[in-house]
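Let the sequences and hints guide you as you build the complete structure.
In order, the protein sequences belong to chains A, B and C.
My numbering applies: residue 1 is where the first sequence begins, and numbers increase by one.
My numbering applies: residue 313 is where the second sequence begins, and numbers increase by one.
My numbering applies: residue 533 is where the third sequence begins, and numbers increase by one.
It should be emphasised that the hints constitute simulated quantities derived from the structure, not laboratory data.
Keep in mind that the hints are not guaranteed to be accurate.
[Unchecked claim] Residues on chain A that point at chain C, a partial pick, calculated with CB under 7 Å:
(1) A69
(2) D71
(3) I72
(4) A82
(5) F189
[Said to hold, decoys possible] Computed far set for chain B versus chain C, every beta-carbon distance over 10 Å:
(6) Q327
(7) K381
(8) V392
(9) V446
(10) F478
(11) V512
[Claimed, not checked] Every beta carbon over 10 Å from chain C, so not counted as near; a handful from chain A, in silico:
(12) Q68
(13) V87
(14) V202
Please read all numbers here as calculations on a predicted model, not as lab measurements.
Cβ coordinates follow ideal geometry from the N, Cα and C atoms, glycine included.
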Amino acid sequence: MSRLPLALLAAALLVAGPARAATPAPGGDAGPIRVRSARVVAPDELRLRFSAPLPWTDAENFRLTQAQAPDIPIPVLRVRPAAGNRVVLTLGQRLLPAEHYRLELVDPPLAHEVQPAAWALLLTVMLAAALINNFVFTRYLGLCIFFGVSKKRDTAVGMGITFTLVMIVTGMLSWALDTFVLRPLRLGFFQIIVFIGVVAFVVQFLDTMLRKTHPVLHRRWGIYLMLITTNCIILAVPLLNAQAGSGPLDSAALAVGSGVGFALALFLMSCARERLEFARVPRPFQGLPIAFALAGLFALAFMGFAGLDFFR
Amino acid sequence: MSTVLHPGPRPGAWQLIRNGIFAENPVFRLALSLCPAVAVTTTVLNGLLLGVAVLCVQVLSSVTVTLAKGLIHPRVRIPVYTVVIAVWVSCIDMALAAFTPALYAQVGLYVKLIVAFAIIISRLEVFASRQPLVPSFFDGLGMGLGFLIALLTIGAFRELLGNGSFAGVPLAPGRPLLFFALPAGGFFSIALLMALFNRVEQGGRGGAAGPSRPTGGHGV
Amino acid sequence: MSLNVIQPRPRLTRRELASIVLSMSAACLVGAAVLGLVYLGTDRYRRASAAAAERAAIGEMLGLDAGARLLEVRQYLVPGRRQIAYRVAPYGAASGPAREVRFAFDGAVSGERDLPVATPPGREWRSLGRMFVAARAGRPAGFVVQGETRGYKATIRLFVAMRPDFAIADMRVIEAQEDPGLGAEVAQPWFREQYVGRTAEEIARLDVTRDPMPEDWKAALVALARRAPDGPARHGALLRRERTRPIYAVTGATISSRAVTEGVRRTVDHFRRRWWLLAPHLEGLL
Numbered sequence: 001m002s003r004l005p006l007a008l009l010a011a012a013l014l015v016a017g018p019a020r021a022a023t024p025a026p027g028g029d030a031g032p033i034r035v036r037s038a039r040v041v042a043p044d045e046l047r048l049r050f051s052a053p054l055p056w057t058d059a060e061n062f063r064l065t066q067a068q069a070p071d072i073p074i075p076v077l078r079v080r081p082a083a084g085n086r087v088v089l090t091l092g093q094r095l096l097p098a099e100h101y102r103l104e105l106v107d108p109p110l111a112h113e114v115q116p117a118a119w120a121l122l123l124t125v126m127l128a129a130a131l132i133n134n135f136v137f138t139r140y141l142g143l144c145i146f147f148g149v150s151k152k153r154d155t156a157v158g159m160g161i162t163f164t165l166v167m168i169v170t171g172m173l174s175w176a177l178d179t180f181v182l183r184p185l186r187l188g189f190f191q192i193i194v195f196i197g198v199v200a201f202v203v204q205f206l207d208t209m210l211r212k213t214h215p216v217l218h219r220r221w222g223i224y225l226m227l228i229t230t231n232c233i234i235l236a237v238p239l240l241n242a243q244a245g246s247g248p249l250d251s252a253a254l255a256v257g258s259g260v261g262f263a264l265a266l267f268l269m270s271c272a273r274e275r276l277e278f279a280r281v282p283r284p285f286q287g288l289p290i291a292f293a294l295a296g297l298f299a300l301a302f303m304g305f306a307g308l309d310f311f312r
Numbered sequence: 313m314s315t316v317l318h319p320g321p322r323p324g325a326w327q328l329i330r331n332g333i334f335a336e337n338p339v340f341r342l343a344l345s346l347c348p349a350v351a352v353t354t355t356v357l358n359g360l361l362l363g364v365a366v367l368c369v370q371v372l373s374s375v376t377v378t379l380a381k382g383l384i385h386p387r388v389r390i391p392v393y394t395v396v397i398a399v400w401v402s403c404i405d406m407a408l409a410a411f412t413p414a415l416y417a418q419v420g421l422y423v424k425l426i427v428a429f430a431i432i433i434s435r436l437e438v439f440a441s442r443q444p445l446v447p448s449f450f451d452g453l454g455m456g457l458g459f460l461i462a463l464l465t466i467g468a469f470r471e472l473l474g475n476g477s478f479a480g481v482p483l484a485p486g487r488p489l490l491f492f493a494l495p496a497g498g499f500f501s502i503a504l505l506m507a508l509f510n511r512v513e514q515g516g517r518g519g520a521a522g523p524s525r526p527t528g529g530h531g532v
Numbered sequence: 533m534s535l536n537v538i539q540p541r542p543r544l545t546r547r548e549l550a551s552i553v554l555s556m557s558a559a560c561l562v563g564a565a566v567l568g569l570v571y572l573g574t575d576r577y578r579r580a581s582a583a584a585a586e587r588a589a590i591g592e593m594l595g596l597d598a599g600a601r602l603l604e605v606r607q608y609l610v611p612g613r614r615q616i617a618y619r620v621a622p623y624g625a626a627s628g629p630a631r632e633v634r635f636a637f638d639g640a641v642s643g644e645r646d647l648p649v650a651t652p653p654g655r656e657w658r659s660l661g662r663m664f665v666a667a668r669a670g671r672p673a674g675f676v677v678q679g680e681t682r683g684y685k686a687t688i689r690l691f692v693a694m695r696p697d698f699a700i701a702d703m704r705v706i707e708a709q710e711d712p713g714l715g716a717e718v719a720q721p722w723f724r725e726q727y728v729g730r731t732a733e734e735i736a737r738l739d740v741t742r743d744p745m746p747e748d749w750k751a752a753l754v755a756l757a758r759r760a761p762d763g764p765a766r767h768g769a770l771l772r773r774e775r776t777r778p779i780y781a782v783t784g785a786t787i788s789s790r791a792v793t794e795g796v797r798r799t800v801d802h803f804r805r806r807w808w809l810l811a812p813h814l815e816g817l818l
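As structure tokens, then:
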């Protein structure tokens with residue numbers, strides 16, 4: 001995969017992301033001064049853009065804290081006004097673009113959260129689940145289905161799409177059950193039964209519905225549905241979400257990312273295995289062992305995604 | 313699929329156990345439940361913990377299903393098996409979290425995922441629901457032992473080469489081949505060990521009756 | 533697999549349907565009962581063994597004997613009133629009588645009171661972490677503070693142990709889901725030992741270098757981590773040479789190494805400020 005499109009996408013997000021995180025500005029300068037945007041432009045510099053020129057630009061006007069440590073102010077060393085209602089703060093500490101900070105002003109009394117845009121964070125979760133922490137190649141989940149289904153390209157694509165759709169539905173249902181039923185009643189130890197029950201129920205429901213409404217589709221895709229029940233990933237994603245206590249958007253992002261990652265892994269593997277049909281494989285390696293070796297090569301390649309992060 | 317299920321004289325205990333370890337080894341021959349085989353085998357102790365967990369779940373589920381054979385309606389047998397397995401997995405999970413917290417912290421997620429293993433539910437369907445108690449127990453034991461031995465073998469291979477130690481005891485100076493402790497190396501180790509298993513099997517048969525390959529998981 | 537054999541299914545009679553529903557419900561109920569019992573049996577044990585392990589780890593990190601007094605300080609954020617609340621109690625009795633001290637964000641004291649009976653924290657209070665203070669003869673003998681930082685895969689949780697002058701006594705990485713052999717190396721004794729003995733000022737300016745660690749220094753670190761009494765004397769020359777250098781990152785895991793360094797720096801800095809505010813209010817507890 002060429003790095004350039006990824007870099008362009010990252011640049012676009014870096015520019016668009018923090019800008020969207022700003023509070024919406026009222027029209028014109030008639031209203032009170034608001035913060036339009038806040039961006040970390042250097043490890044120790046924070047650039048703010050206001051809706052109107054700021055009257056008082058002394059360091060005492062600003063108070064910046066980490067969201068988790070609101071009682072420890074980060075020292076503001078210097079304040080430098082810049083063009084276009086901008087102000088650049090030089091801080092006595094390194095700022096991490098991915099962290100959540102809180103900015104407060106004394107005059108005018110303002111508060112602003114400095115953090116990456118919500119949808120940029122979700123995209124990071126999705127990409128992490130799909131590429132950096134790919135469920136097949138980095139976390140080794142879903143392997144049984146993976147090796148069984150990846151022999152031909154169209155079965156791989158079919159399984160990938162079916163799996164992603166079922167994953168999203170089960171993921172959200174499991175999250176809802178965990179958040180609104182299991183957690184308040186402190187029945188955490190029921191998680192395994194409930195999650196596998198949700199999977200079995202959804203799969204059975206979809207299977208029956210498909211059989212009644214689209215028999216042709218059912219003949220083609222029905223077998224994939226049945227195989228999903230014994231896929232480790234379909235159980236791992238709700239468990240991981242429950243462990244981390246994620247919100248609905250984060251859970252959905254993880255579900256989508258894991259499905260996309262699994263589909264990607266299946267597709268790549270099937271392309272390679274189709275070529276393998278024409279290779280001369282030594283006898284002990286024929287069948288599954290050579291497929292494992294192939295998966296190992298892919299896992300090596302996916303290690304290259306380590307450290308991929310929009311915010312560094 | 314099974315070599316032990318044809319009608320005839322009832323298989324003895326040792327035969328069942330040997331079957332589970334060699335002829336129908338879940339990892340190397342049936343190629344089922346592969347996820348933990350790669351994930352937890354970075355060290356021997358992790359593999360041991362998960363292998364013992366699977367052994368317990370397999371034996372307990374086989375015994376439960378055999379005892380409750382008459383009460384399970386055939387139409388709902390799969391959901392009932394799933395519930396039985398899920399209950400035992402949850403119990404083992406809680407017990408491990410309480411009594412071996414240090415090791416459990418590393419393999420916790422995979423212990424919970426035992427409920428999704430195909431090997432356990434297929435064993436219940438194929439064997440435990442049709443046989444009386446004692447053969448069912450030994451079959452579960454054999455399958456569990458086969459799984460445990462497979463995990464220990466892979467774990468020993470990866471820890472020795474990747475970490476230069478065995479069960480935490482350092483043997484070789486430094487790390488000979490760190491690669492084997494990483495995910496990619498896990499795949500390669502299984503490929504090598506499976507091929508070795510095949511070679512030994514084929515050498516034992518003298519190469520006759522064609523190559524006997526692993527059935528390649530379940531799929532289309 | 534033979535689970536999907538499609539065969540014409542006979543229609544269920546009412547009795548059969550009832551018996552199916554009954555047996556499924558019975559199975560679920562029995563399962564739930566078994567689970568509940570096992571949970572009750574194991575949960576208490578699990579919590580007790582976790583607490584014992586934590587006490588042992590703290591004692592080991594600070595070199596305490598069993599007779600030293602240990603206090604547990606829980607920090608909470610009270611969002612509505614913009615206050616930070618501390619609850620101080622002897623270790624192991626954190627749900628019993630405690631002293632509560634509240635500060636506003638600018639450091640002014642908002643309130644101090646002794647809670648004679650167990651009082652749960654307010655519902656909207658958010659926990660910001662725990663700190664442990666070891667006391668001997670009415671003076672602090674060491675601190676252990678929880679810290680958190682973002683590694684390259686997930687959050688890294690660590691414990692930092694400090695001497696009364698805020699120099700690092702020990703550091704432990706308690707949770708890190710990094711790769712074995714790469715990021716997970718930050719939990720190894722030789723990496724952690726690099727932080728031990730550095731003063732708080734050194735920690736504030738600490739940097740991470742990607743230069744490879746000299747082999748003799750690595751061997752010395754492994755030996756020092758065993759805490760033999762004559763360790764610092766035996767490796768005195770190496771200590772003097774390396775003590776002023778930055779932290780050597782784990783080869784191939786610069787991100788994790790930097791994350792841990794930043795985590796230690798942040799933990800020490802935050803704790804110093806908070807202790808300076810809190811210490812005068814701990815009369816009679818130390």
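Hints, verified against the model:
Residue-level restraint check for A69(A) holds (minimum Cβ-Cβ distance to chain C is 6 Å; threshold 7 Å). For D71(A), the interface hint holds, since its Cβ comes within 7 Å of a Cβ in chain C; the closest pair sits about 5 Å apart. With 7 Å as the threshold, the beta carbon of I72(A) comes within range of chain C, its nearest partner Cβ sitting at about 5 Å, so the hint holds. Annotation: interface hint on A82(A) violated; nearest CB of chain C at approximately 28 Å, more than 7 Å.
Because the closest C-beta pair between F189(A) and chain C is about 5 Å apart, less than 7 Å, the hint holds. Separation of Q327(B) from chain C is adequate, the least Cβ-Cβ distance of about 23 Å exceeding the 10 Å criterion. Interface exclusion of K381(B) from chain C stands, the closest Cβ pair being 12 Å apart, more than 10 Å. Its closest Cβ contact with chain C, about 5 Å, brings V392(B) to no more than 10 Å, contrary to its assignment away from the interface.
The Cβ of V446(B) sits about 24 Å from the closest Cβ of chain C, beyond the 10 Å cut-off, so the non-interface label holds. In this structure F478(B) is separated from chain C by more than 10 Å, as the shortest Cβ-Cβ distance comes to about 16 Å. Every CB of chain C is more than 10 Å from the CB of V512(B) (nearest about 27 Å), matching its label as outside the interface. Look at Q68(A): its CB is around 7 Å from the nearest CB on chain C, not clear of 10 Å, so calling it non-interface is violated.
Against chain C, the non-interface label of V87(A) holds: every CB pair exceeds 10 Å, the least being about 22 Å. Under the 10 Å C-beta cut-off, the non-interface status given to V202(A) relative to chain C holds; the minimum distance is some 17 Å.
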